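Top to bottom, those sequences are chains A and B. If you're matching positions, the first sequence starts at 0 in numbering that gives the first Met the number 0 and goes up one per residue. If you're matching positions, the second sequence starts at 0 in numbering that gives the first Met the number 0 and goes up one per residue.
Keep in mind the hints are simulated off the structure, nothing from the lab. Where hints are given, some of them may not hold.
Claimed, not checked - Label pairs and their calculated CB-CB ranges:
{"hint": "1", "chain 1": "B", "residue 1": "R226", "chain 2": "A", "residue 2": "S222", "range": "43 to 49 Å"}
{"hint": "2", "chain 1": "B", "residue 1": "E308", "chain 2": "A", "residue 2": "D115", "range": "36 to 42 Å"}
{"hint": "3", "chain 1": "A", "residue 1": "P13", "chain 2": "B", "residue 2": "V150", "range": "30 to 36 Å"}
{"hint": "4", "chain 1": "A", "residue 1": "A116", "chain 2": "B", "residue 2": "V150", "range": "37 to 43 Å"}
Just so you know, these numbers come straight off a predicted model, no measurement behind them. Note that the Cβ used here is the ideal one computed from N, Cα and C, for glycine as well.
So the chains spell out like this:
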Amino acid sequence: MLDFLRARLAHGTPTTPFPGPGAALPERFRGRPVFDAARCPAGCRDCASQASPDLIRPRPDGSARLDLGACLFAPEDADACPHGAVQFTRDIAMAVTARDDLLTETGAVRLARPLDATMRRVFGRSLRLRSVAAGSCNGCEAELVALGNVVFDMARFGIQFVASPRHADGIVLTGAVSRNMREALFRTYEATPDPKLVIAVGACAISGGPFRGSPEVLNGMPSEIAVDLWVPGCPPHPLTVLDGLLRLLGRLERGER
Amino acid sequence: MTDLFALGLRNRRAVPFTSVPLESMDGFGASLAEAHARGHRLVSLFGLPDGADRLRLVAVVADDAEGALGVTSTVVARRYPALTPRCPQAARFEREIREQCAAMPEGHPSLKPVRRHPPDHAPSDWTWAPVDREAYDFDAVEGDEVHEVAVGPVHAGIIEPGHFRFQAHGERVLGLEIMLGYQHRGIERLLETVDRTRAALVAESIAGDTVVGHADAYCGALEALARCRKTPRAQAIRGVALELERLANHVGDLGALAGDVAYQPGASYFGRLRGEFLNLLLAMTGNRFGRGLLRPGGVRFDLTPDLVEALRDRLPRLSQMLEPVARLMFSDASVQGRLEGVGVVDPALAEREGFVGPVARACEIPRDVRHDHPWGVFRFAHVPVATAWAGDAFARALVRRIEIQRSLEFLEEQLGSVPKGAPMVTAGALRPDELVVSLVEGWRGEIAHVVITDGQGGIRRHKVTDPSFRNWPAVAAAMPGNEISDFPLCNKSFNLSYAGHDL
Numbered sequence: 000m001l002d003f004l005r006a007r008l009a010h011g012t013p014t015t016p017f018p019g020p021g022a023a024l025p026e027r028f029r030g031r032p033v034f035d036a037a038r039c040p041a042g043c044r045d046c047a048s049q050a051s052p053d054l055i056r057p058r059p060d061g062s063a064r065l066d067l068g069a070c071l072f073a074p075e076d077a078d079a080c081p082h083g084a085v086q087f088t089r090d091i092a093m094a095v096t097a098r099d100d101l102l103t104e105t106g107a108v109r110l111a112r113p114l115d116a117t118m119r120r121v122f123g124r125s126l127r128l129r130s131v132a133a134g135s136c137n138g139c140e141a142e143l144v145a146l147g148n149v150v151f152d153m154a155r156f157g158i159q160f161v162a163s164p165r166h167a168d169g170i171v172l173t174g175a176v177s178r179n180m181r182e183a184l185f186r187t188y189e190a191t192p193d194p195k196l197v198i199a200v201g202a203c204a205i206s207g208g209p210f211r212g213s214p215e216v217l218n219g220m221p222s223e224i225a226v227d228l229w230v231p232g233c234p235p236h237p238l239t240v241l242d243g244l245l246r247l248l249g250r251l252e253r254g255e256r
Numbered sequence: 000m001t002d003l004f005a006l007g008l009r010n011r012r013a014v015p016f017t018s019v020p021l022e023s024m025d026g027f028g029a030s031l032a033e034a035h036a037r038g039h040r041l042v043s044l045f046g047l048p049d050g051a052d053r054l055r056l057v058a059v060v061a062d063d064a065e066g067a068l069g070v071t072s073t074v075v076a077r078r079y080p081a082l083t084p085r086c087p088q089a090a091r092f093e094r095e096i097r098e099q100c101a102a103m104p105e106g107h108p109s110l111k112p113v114r115r116h117p118p119d120h121a122p123s124d125w126t127w128a129p130v131d132r133e134a135y136d137f138d139a140v141e142g143d144e145v146h147e148v149a150v151g152p153v154h155a156g157i158i159e160p161g162h163f164r165f166q167a168h169g170e171r172v173l174g175l176e177i178m179l180g181y182q183h184r185g186i187e188r189l190l191e192t193v194d195r196t197r198a199a200l201v202a203e204s205i206a207g208d209t210v211v212g213h214a215d216a217y218c219g220a221l222e223a224l225a226r227c228r229k230t231p232r233a234q235a236i237r238g239v240a241l242e243l244e245r246l247a248n249h250v251g252d253l254g255a256l257a258g259d260v261a262y263q264p265g266a267s268y269f270g271r272l273r274g275e276f277l278n279l280l281l282a283m284t285g286n287r288f289g290r291g292l293l294r295p296g297g298v299r300f301d302l303t304p305d306l307v308e309a310l311r312d313r314l315p316r317l318s319q320m321l322e323p324v325a326r327l328m329f330s331d332a333s334v335q336g337r338l339e340g341v342g343v344v345d346p347a348l349a350e351r352e353g354f355v356g357p358v359a360r361a362c363e364i365p366r367d368v369r370h371d372h373p374w375g376v377f378r379f380a381h382v383p384v385a386t387a388w389a390g391d392a393f394a395r396a397l398v399r400r401i402e403i404q405r406s407l408e409f410l411e412e413q414l415g416s417v418p419k420g421a422p423m424v425t426a427g428a429l430r431p432d433e434l435v436v437s438l439v440e441g442w443r444g445e446i447a448h449v450v451i452t453d454g455q456g457g458i459r460r461h462k463v464t465d466p467s468f469r470n471w472p473a474v475a476a477a478m479p480g481n482e483i484s485d486f487p488l489c490n491k492s493f494n495l496s497y498a499g500h501d502l
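Start from the sequences and build out the full structure, keeping to the hints where you can.
Here you go:
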């Protein structure tokens, strides 16, 4: 018993102070990328990420946009523009409400907006989610599991993962949606009672991630399923997911990054 | 009979593909049977098209005691006599060959699909019927009061998808069959077709909890094919990252096991300490799983003096926090009572089937790539092999506990003297028409990448074997006789990868 108490004291309270000043992330952390179009020489067409397919999307007028949903947050992505227009910041906040909000000319994104008042009344203080992994590498799932540990402690916000879609208020999809998981995904979605939320976590669920273009995957969330929250990352840092969820529930200040 | 070891093949030493023995089907089968009889392990067995109407089969075997690898091959038509009856370790590989290459190993005891996908490595003239992705012919037990329990692919926890079919009498499990393939993403075809910058990211995404392990196997293969000599510094940094990955996962596994036996302090403390190791990888690489660090030619992020200092400061303190929690958990009578005798793997089965990693070591089989086929920094820094003897969930937990200590000792030694040199050198072009076997002891066991180049130095075949591919049959074999309610605990004590298996 004494040993137990000694161990308990040694660990202290490790919970991350979030929201708030937040945990200091190390210098090398690759958070939300920014795009400086001013560095783009006129008519330049050199942008092509060898690492993340479709990271930079050129437009007919000569300008280009960065797609956070396609970003694999690889160090090579910062080389995607030979003129240095792509840089990683240490910002964890980048989850958005609409898929198009992940397309940005500067890296600034309109962060997730709160659900409407009715939905907030239903889910605002208690949100139960069912995880569906479908053609993933297990990286995103590992970070979803981490949200439950004593450091991130998502349950203190009333958010929990539950065992059955029948007990859930929504589903969290991770993975590029393999052909072999397509049916299970739809059946889980249909088994979740209305009203329900759908959250796409990670580059795979948004755009197929590193598996984009493989004949064995559907390049992310099927268009038949409407998504309420898109969380970029490969995998997203647990705080990126938590930040997105709290914004969706209207528990954080509205923001633009 | 051909001497499979005559080429002098070793871990990460490329040889001309033309020098690989090409035997008759009979000779090939006899060679593998002989290798099995002599206690050599089958590391890999796979097919690649050889013209429009023939399939080349390539087998890699390991003589762990000598640190030697053997290789041989044959060419088969669409139907060929199965190797499994003479070489039991070929069983799952031949199921894979049937699925990937559309060949038919006749006389194979069970040709159920492995991942349920259309062939993607078949000779171009071969055709096949459309694959029914939902079809799987489960074994059934008949009898009064025998019932079937189906679980998955969507599970109760945050777990990867897989389907488990139990035949049970009351609570007692009579049989378990595991149907996988839900995570199949077509990894091998991607590695063979996408450009090299992106392929490194695909390799890091084979199994997201084994980023460093698979990236190391991938880079090792390409570097050998390019005759690229990494600096000792790059090798040391890779070793540090690999052991941090092992620490994070082993510590996390102890926490998950504690959670499954309702020992909450273990679940909380280990769960939190796992994150501390991930955060060290984050400081080193910018990503909690070490993504972006390993690339052909070395490492993309140097270990700065500040980082070395931070690691040397942090690791002993983590060690001091880990040890008391481990002592509490492993000496707790109720924890012991719940882990002992659960999910026992028979050592004879482990030897026959060629199980790897902590699963094999918990059966007192001292199998560890770092020791048997050392590469990089492990040629100079020896990590003692940790074993236990009971083959049950407790033994697997114990092996992890010992390996945590050994990895911490390794890190202390390495961080005390990081060699000087450049973190990265240019990898260069791959030599044409060569074969290389690249092995890594990932935290789950032996990771094998076998790469064969084409005449232009492109990738002709990239075969990936995750340790989970070897070890999933151990989970099915360990369940009969246990209670169904012990399955989560039993499964967790193996903690195999679905993504790594499904590719």
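Hints, one by one, checked against the model:
A C-beta distance of roughly 48 Å is found between R226/B and S222/A, which places it inside the suggested range of 43 to 49 Å. Hint check: E308/B to D115/A, Cβ distance near 51 Å, so the stated range 36 to 42 Å is violated. For the pair P13/A and V150/B, the beta carbons lie near 34 Å from each other, so the given range of 30 to 36 Å is met. A hinted range of 37 to 43 Å for the beta carbons of A116/A and V150/B is consistent with their spacing of about 40 Å.
Of the numbered hints listed earlier, the single one contradicted by the structure is hint 2.
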